[in-house]
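Go by the hints and put chains B, C and D onto chain A.
Each protein sequence line maps, in turn, to chains A, B, C and D. Numbering of the first sequence is given in the working numbering, commencing with residue 1 and proceeding in unit increments. Numbering of the second sequence is given in the working numbering, commencing with residue 1 and proceeding in unit increments. Numbering of the third sequence is given in the working numbering, commencing with residue 1 and proceeding in unit increments. Numbering of the fourth sequence is given in the working numbering, commencing with residue 1 and proceeding in unit increments.
Honestly, the hints are just simulated from the structure, not real lab data. From a predicted model like this one, the values you see are computed outputs, not experimental measurements. Every residue gets a Cβ at the ideal spot worked out from N, C-alpha and C, and that includes glycine. Be a bit skeptical, because a hint or two may be false.
Reference listing, derived: stretches of chain A covered by chain D, where coverage requires no fewer than 3 residues with Cβ under 8 Å from a Cβ of chain D [unchecked claim]:
(1) 1 to 15
(2) 285 to 291
(3) 294 to 304
(4) 312 to 320
(5) 364 to 372
Which chain A residues face chain C? A few, computed with CB under 8 Å, are given here [claimed, not checked]:
(6) Asp273
(7) Val390
(8) Pro396
In case you want the letters, here they are:
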Amino acid sequence: MDFSIDEPSRKLVNELDDRFLRGIASRAPVTDEVGAIPPENWREIAQSDYARLFHPASVGGLGADGVTQAMAMERLARACPSTFWSATMSVLVCAKLIHTYGDAEHHGRLLEPLLRFERLACFPVVENTSGSDASTYTTAVRRDADGYVITGEKSRITNATTADLGVVLARFEEHEYGWCYAFVDLRQDGVRTYRMHDLGLRGMPWGGIVFNRARIGVRDVVPVRLEEFPHGMAWGWLFISIAAIAIAQNALDASIAHARSHKAFGRPLIHMDRVQEAIAEMRTQIDAARLLAYRCAWHRAEGRLAQDLVGMLKPYATEMAVRATQHAVQIHGAWGLTHGYPVERMYRDAPMNVIGGFASNRLRELVAQDLGLPTPYQDFDWLKATGLDVDCAVHPGALLSAGR
Amino acid sequence: MDFSIDEPSRKLVNELDDRFLRGIASRAPVTDEVGAIPPENWREIAQSDYARLFHPASVGGLGADGVTQAMAMERLARACPSTFWSATMSVLVCAKLIHTYGDAEHHGRLLEPLLRFERLACFPVVENTSGSDASTYTTAVRRDADGYVITGEKSRITNATTADLGVVLARFEEHEYGWCYAFVDLRQDGVRTYRMHDLGLRGMPWGGIVFNRARIGVRDVVPVRLEEFPHGMAWGWLFISIAAIAIAQNALDASIAHARSHKAFGRPLIHMDRVQEAIAEMRTQIDAARLLAYRCAWHRAEGRLAQDLVGMLKPYATEMAVRATQHAVQIHGAWGLTHGYPVERMYRDAPMNVIGGFASNRLRELVAQDLGLPTPYQDFDWLKATGLDVDCAVHPGALLSAGR
Amino acid sequence: MEFAFDEPLLRMRELGRSAGYRYAAPSAQLRDNGAIWDERLFTSLARAGVAHAAIPLAYGGLGANVLETVAVLEGFGEGSGDTGLSLAVAVHGMLCALPIALLGTPQQRDRYLGAMASGTWLGALALAELDGGATASGHDVTATRFLDGWILEGEKADVINAPNAHHFLITARTSSDRRTAFVVDRDTAGLSVAPDPAQTAVRTCRMSRVKFSDCRVGPQAVLGTPGNAAAGLVPLLAALDRTCLLAPWLGILREVVRLGRETAARRFVLSRPLAHSQSVRAALVDGQTLVEAASGLLYRAAWQLDRSEPASRRDAAAAKLFLGRAVRDVTRTVAELCGTAADGLVRRAYRDSLLLTASGGGVEVLNVVIAGPAPSRTA
Amino acid sequence: MEFAFDEPLLRMRELGRSAGYRYAAPSAQLRDNGAIWDERLFTSLARAGVAHAAIPLAYGGLGANVLETVAVLEGFGEGSGDTGLSLAVAVHGMLCALPIALLGTPQQRDRYLGAMASGTWLGALALAELDGGATASGHDVTATRFLDGWILEGEKADVINAPNAHHFLITARTSSDRRTAFVVDRDTAGLSVAPDPAQTAVRTCRMSRVKFSDCRVGPQAVLGTPGNAAAGLVPLLAALDRTCLLAPWLGILREVVRLGRETAARRFVLSRPLAHSQSVRAALVDGQTLVEAASGLLYRAAWQLDRSEPASRRDAAAAKLFLGRAVRDVTRTVAELCGTAADGLVRRAYRDSLLLTASGGGVEVLNVVIAGPAPSRTA
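Here chain A stands alone, though its shape is the one from the complex (with noise of 0.2 Å):
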């Protein structure tokens, strides 16, 4: 066991860092205010090692390793995590799905653009009748005269308005797996984009899909079993994680510079008891969260699904970065609510990295069914019979007082 990483990594992270924050850091707020994000992070981020960091050299990558590649990501999040969910959705997760279950010669096509941030990839799950129960989707690929159409509507997907390709989880009756992903070019006339606006996030680009006998080719439709699914999905996890844990560390940069530049009752707030303990459980929490974000990156990276882990993660990462962002701004008073200040954007940020891909309880049941405790669905009515279920209606006070 070792907790060190070589020098080289730890050069391309520092590179990175130093790139990110001198660029997209500082346009983060604005990025939050008109609800986009600027061309020159996209130049920016395409000029770095980003992309390259999380693939093997057979299509172009570094293949750094698993921790390198978390530090790497949570570089890019502590400066913008809109950016940060936009990028890596399309080029870890969506890049991975392409050359995990597409062939290297014929989808070299689809990756290659995306590494080099010319093209944008999403990565449509989710539909509007229910989160993460897969039973309730219905958009189908069903082949026609001239090859593949896709038909249905896909909603709360990352890059929904600005991605040229969808790698769209969707039903393919015609296999005996019964679902497939589909290579969707999405700039075509089958396909409608529509924004949704969220608490947070602001700058990503949210929102749903609508495929009306949207056109695929033959070989861009993968049949695929839904067992498989997590196996795509827990990079999302795990990216979303990272993004946690950058945002928590923001919020506790940000306090310890507010408790440290700020005094009350004829002291700094660093001073203060309840300050330090707020700081030492910020502190604690994202060391602890960070720590297991790197093992699981470090399984993912050496070949391993690694699912229990990177779902327990999830929960835990981004829960503690919701506290670490109320903490924030306990300590930061009422700075910590105006519009403006960094304090707002995080508290604003944290809670979308719970809900967004598969909330918390749903991933604990996943994790619950690794650890022997399956899911049962049964009808019940717990209390019948146990009286448990009624109103005492005995009156004890009315007889009691009666008798005095």
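Coordinates of chains B, C and D only, in the frame set by chain A:
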């Protein structure tokens, strides 16, 4: 001890509820969206008994008992917390300050238009340097040739940009008490106001007021001891707590409605233990906070300060409401954070109550004092000479592995 | 209307507090160490009005209503600091006596209540009766018809007061989905009390296992209507669990927070009293806040039982859920303030809080009662 | 680089786990009931490598580094489920032996380490030594010069292993702001071990009060430089407290969560296994999550002690803060799942978690170390 309220009070509260639900509640989303309270809201409150509830017959009020007052407040707060804050700050906190510290004869002219909602008042206390540390406040009332003038800047004031009258806590060096409440006409040249934008309660006109030798009548400056300040403020802490309880109750009702009407994995969400657990917790804690609020209101209306109880209520109720809105978001999933859905607004509104009118930790210090645990301020270097302030540098591992 | 504590209620609380402080507190740790039941102490408490507050005047009790009884018990918990004895007393004087007073025949009332009020006869009840069988494992007691009476078979674990009890209030299964309540005297043939196990919680309240083996009882042993326990006795016991058994814990928590303040003023860490830490002060304020907030829920639930409308099981369950959490968190906080020397009441309360939160089926049952989808019903 | 557990480390953990399971677990509850120290059991653990993992090979130990030692101890906690014995063993083999190995003279090393490795001599240490005197009340031990040696006066409370120890590692005040470390043999005149008090926590680890009265020791009893304990011994003990004393608790917590899963599958509430409740499953998942998260912090702190740079006291304190909270919350959760029958390891862990969080000065010290405004310094 008796937990019931009498029939006339119940009727009065129900009437308010009907009235507020029909009008003000339906306009709450737009109040938030445009960041201003619609004139119809003022008309509807003015037509109700809301203002008169809080005041004795001697000043034209109904002299309702404290529990009825609290119930009435919750009704308005549930309809629209921004409107509730704005109205109650004027008609409860400021009006009580005026008839407590002013004299009936002279200050009736200030009071009556407030109770009819023809004019609006604000209570400027906090300044920009540090929230609740009065020693840092510099705004001061001084005598000049024609009477008194006030100079200084107050911030984070409810109704700052809409109020006609300010009940200003200011330094008053010429009197032995050192402080005063100044009843300042805000519609004059020496007064400039500006708006501040916050995460939540967006309908409420928060902001700052700059006094530049603004004039005050001689009888409108009332000397006051700083120790008296909590008497006036305690009504504020109470109504803010009720705002929190109302938001939590709205979050609970929304959660139950959502959980009954939405299904996942084939059954209504309300059948899931985790949802029931959240609902049980919300319901229980809301009840606990509400009963404590009733008790505070009862004591206050009976003329007791109850500073310790109110000081306990505010941190509990306001932090409870933040937790309740978080549960609501978990139950609603992505809908809970989508702009335009009520739960998203509750999630933004709830933390404002934690920070507004003295943050939780400051209140806790006041209560600690009442409980015999005063706040000491001392210089310290706690870890000095213990050896706990140094890292371990004897390299056990190096030595140990050298032995192998 | 008086929303706050009024004078008479304050007097009842003080009655309980001073009796607890005078009779029980001095020996609490000793009795806990040895798991001792002190007969004379119990008689003193009966005489002082603590053990029989709710028994009607006609039988020598105080004839207090539930609100007043809860005040007495809150005071007793605070004054005695004795988690176990509070439980024993409340089970005897309220959970055993009140069902006899409310559901019993005139003969049953006459037979039991006088001797219970004086403290001559001690009543016993299995912990599991508080949850209507929700946590019952296989070994439940069954009752089958025999002539005009019944034969009881089976056993009850964790029967409160069993080692010293004169009679037992039990429910037994009389058909696949029906239970019947009985009052069975200790000297009934076929009833045996197993020797004390090594009891780890509430050690001043003696509990043991009671076996029924071919135990024949007459019709006069039935309490209420046969087959009707789920509609009659169980909701009553659940309501009393969530008020009368809860009440001493409110007093104990109040005392624990007071001990916390005392400790914080006295104990030094890093060369300053703990009370100089803002975090410690805040934790103690939060503890006091939970006491005050729980008080509202508890007294509302008690007050509801004194009205003529059915008392809301949800409101009573909320009181228990809230106070259980408060006891869990605050005893831990104060125990941590005491450092490695946590002892006496703080240690006992920390240990026994597990029984409080587990009793009545625990949080799993409370959540369903408070938030469950089942329609509200009254018996 | 291998970020996860590698094979050799897994073997060390398994060594500890199987020794704990085989030697200690079967008698854990019995020894806890009677507060018993089992000499033969301790010798077995020494032979198995648990009690002397960190003692250098030259003296008959395993010569494990801190990372490996932590793995052994985590395994031992899990396998034994014995909170007290884990503490006793780690105090002996790490907190007493390592300072002698690292700060002692060759003579001291030769005298003590061999007999400590074989389990012949047991080392003792006062609980309060873990916090550098942060919680010291008035009765501390002082050392004054006498000829070329020292006279010790005063007493130490809660001395771990004292009843059966051969020697004591102590710090004594040698000037107003200086402390000196000593190793004092039990048979030194003027040293007396007070009879066992009724010990309420970690009962399988015997503790007692040790008095020094005109206790004269020679210069060879000084450990390290006179007057230098705050720079030498204290940071080392603090670091070992936050790794080696923490490690068994990680294993115990892992086992408690496993017992929680087992209980949830077995115990029925409201006619269904607890595991059918989504809330119960979530609570158990969260418990497992805390185990995994704590593991990262603990092993990082251990790994830092094996490097040549100074180990961050903040990172080690973070491990203790985090794991202390986790143990507090998870033992409570699992104890509640067990209902009124919480027993065995779950009850012991719930009870003893108080000692874990209070030791080393408690959360008040940890908060200041992690977040305090003091500049970072290394000795």
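Cross-check of the supplied hints:
1. 1 to 15: holds (count 6)
2. 285 to 291: Three-residue rule met by the stretch 285 to 291 of chain A, so holds; n is 5.
3. 294 to 304: Since three or more residues must qualify, the claim that chain D covers the stretch 294 to 304 of chain A holds, with 4 doing so at under 8 Å.
4. 312 to 320: With 4 residues in contact (Cβ-Cβ under 8 Å with chain D), the coverage given for the stretch 312 to 320 of chain A holds.
5. 364 to 372: Held - the stretch 364 to 372 of chain A has 6 residues with a Cβ nearer than 8 Å to chain D, which meets the minimum of three.
6. Asp273: 4 Å, holds
7. Val390: With Cβ-Cβ at 4 Å, under 8 Å, it holds.
8. Pro396: With a closest approach of 5 Å, the Pro396 (chain A) hint holds.
In this structure, every one of the numbered hints holds.
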